[in-house]
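Novice: Sequence:
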Amino acid sequence: MNILKHQLLYFAAYFHVICPYSDPDIGPILQELENGEQPKWQDIADRSPKYKSYWAQWKSLAVRNGVLERDWESTNRRHQVAQIIIPRSRVKDVLSKLHSGRSEGHFSVNKTLNKVQQIFYWLQARTYIEKWCRQCDTCASNRGPRTRNCGQMHQYVGAPFERVATDIAEPFSRSDQGNRYLLITMDYFTKWPEVYAILNQEASTIAEVLVANFFCRFGILRELHSDQGRNFESHLLQEVLQHLGVSKTRTTPLHPQWDGMVEHYVKTTEEHL
Numbered sequence: 001m002n003i004l005k006h007q008l009l010y011f012a013a014y015f016h017v018i019c020p021y022s023d024p025d026i027g028p029i030l031q032e033l034e035n036g037e038q039p040k041w042q043d044i045a046d047r048s049p050k051y052k053s054y055w056a057q058w059k060s061l062a063v064r065n066g067v068l069e070r071d072w073e074s075t076n077r078r079h080q081v082a083q084i085i086i087p088r089s090r091v092k093d094v095l096s097k098l099h100s101g102r103s104e105g106h107f108s109v110n111k112t113l114n115k116v117q118q119i120f121y122w123l124q125a126r127t128y129i130e131k132w133c134r135q136c137d138t139c140a141s142n143r144g145p146r147t148r149n150c151g152q153m154h155q156y157v158g159a160p161f162e163r164v165a166t167d168i169a170e171p172f173s174r175s176d177q178g179n180r181y182l183l184i185t186m187d188y189f190t191k192w193p194e195v196y197a198i199l200n201q202e203a204s205t206i207a208e209v210l211v212a213n214f215f216c217r218f219g220i221l222r223e224l225h226s227d228q229g230r231n232f233e234s235h236l237l238q239e240v241l242q243h244l245g246v247s248k249t250r251t252t253p254l255h256p257q258w259d260g261m262v263e264h265y266v267k268t269t270e271e272h273l
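Numbering (the UniProt record's numbering), first residue to last: 1 to 273.
Please note that a few of the clues may not be correct.
[Claimed, not checked] Cross-link-like lysine to aspartate or glutamate pairs, in silico, DMTMM-like; alpha carbons within 20 Å at most: (1) LYS92 x GLU73; (2) LYS59 x ASP93; (3) LYS92 x GLU69; (4) LYS191 x GLU239; (5) LYS191 x GLU202; (6) LYS248 x GLU270; (7) LYS115 x GLU170; (8) LYS267 x GLU239; (9) LYS191 x ASP176; (10) LYS52 x GLU32; (11) LYS97 x GLU73.
[Unchecked claim] DEER-style ranges, computed between Cβ atoms: (12) SER247 x PRO193: 46 to 52 Å; (13) GLN238 x HIS264: 25 to 31 Å; (14) PRO160 x PRO253: 28 to 34 Å; (15) ASN65 x GLN118: 16 to 22 Å; (16) TRP41 x ALA62: 19 to 25 Å; (17) GLU270 x VAL81: 25 to 31 Å; (18) SER141 x GLU37: 23 to 29 Å; (19) SER48 x ASN114: 52 to 58 Å.
The hints are simulated quantities; they were obtained by calculation from the structure and are not laboratory data. Note that the coordinates shown come from a computational prediction; the quantities given were computed from them, not determined experimentally. Glycine included, each C-beta is placed from N, C-alpha and C at the ideal position.
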């Protein structure tokens, strides 16, 4: 055991002896342990929640050399420690030594808690330590402000049918009209979907359906977004869109999440059909 731990144990025993009986939570438990008889639950029903927490740990508590201790086993079961239970009024003294002392280094919450658990115990120790570290002036001055560099947000849409995504759902059983594919378009602003049954997924078919069934009904778009399928990247479709003044964007390769809205709708459609 190192010198610091010897000092802390002496320190703990000193202030524990002079004030435990006056503590409203520790005092009664200490007296009852010395008497060797655990009170029945019906006899402590009107006691404080903190007292009841100690009462529930009765089998782990013991009085050794006049000091109330708690037998504690670490989570990984590698360490067994007799923790000194300290009054709430002395928590500040303990944290001043274990966190803010000259040789203690102002460690993080978890490291400070680990040091505390090797010697001391009090209810809601983590909550107290978190508050202590948060209010520590030295920690705050060394930590500095937390800044995160975030990319600028892009305003994609501000009105219906400014930006529309499109994709192909395929293949299905041939319909009475001979259709096997679905051309799906979906507005980014309203999330309104349109589904068109088509014979094939050639670029000419897609261009014809978009012009006749979508553009003529809803008007010319500002931007059409799709994956990098050959039909959507074809020279024919590019010329049609350029002639209409529609900007064409596409997803990155092997990354369908960039078109997640319409991809999700395609998957839902395929599951239902």
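Novice: Kindly indicate which numbered hints from before are broken by the structure, ordering the numbers from low to high.
Specialist: 1, 2, 4, 5, 6, 7, 8, 9, 11, 12, 17, 18 and 19
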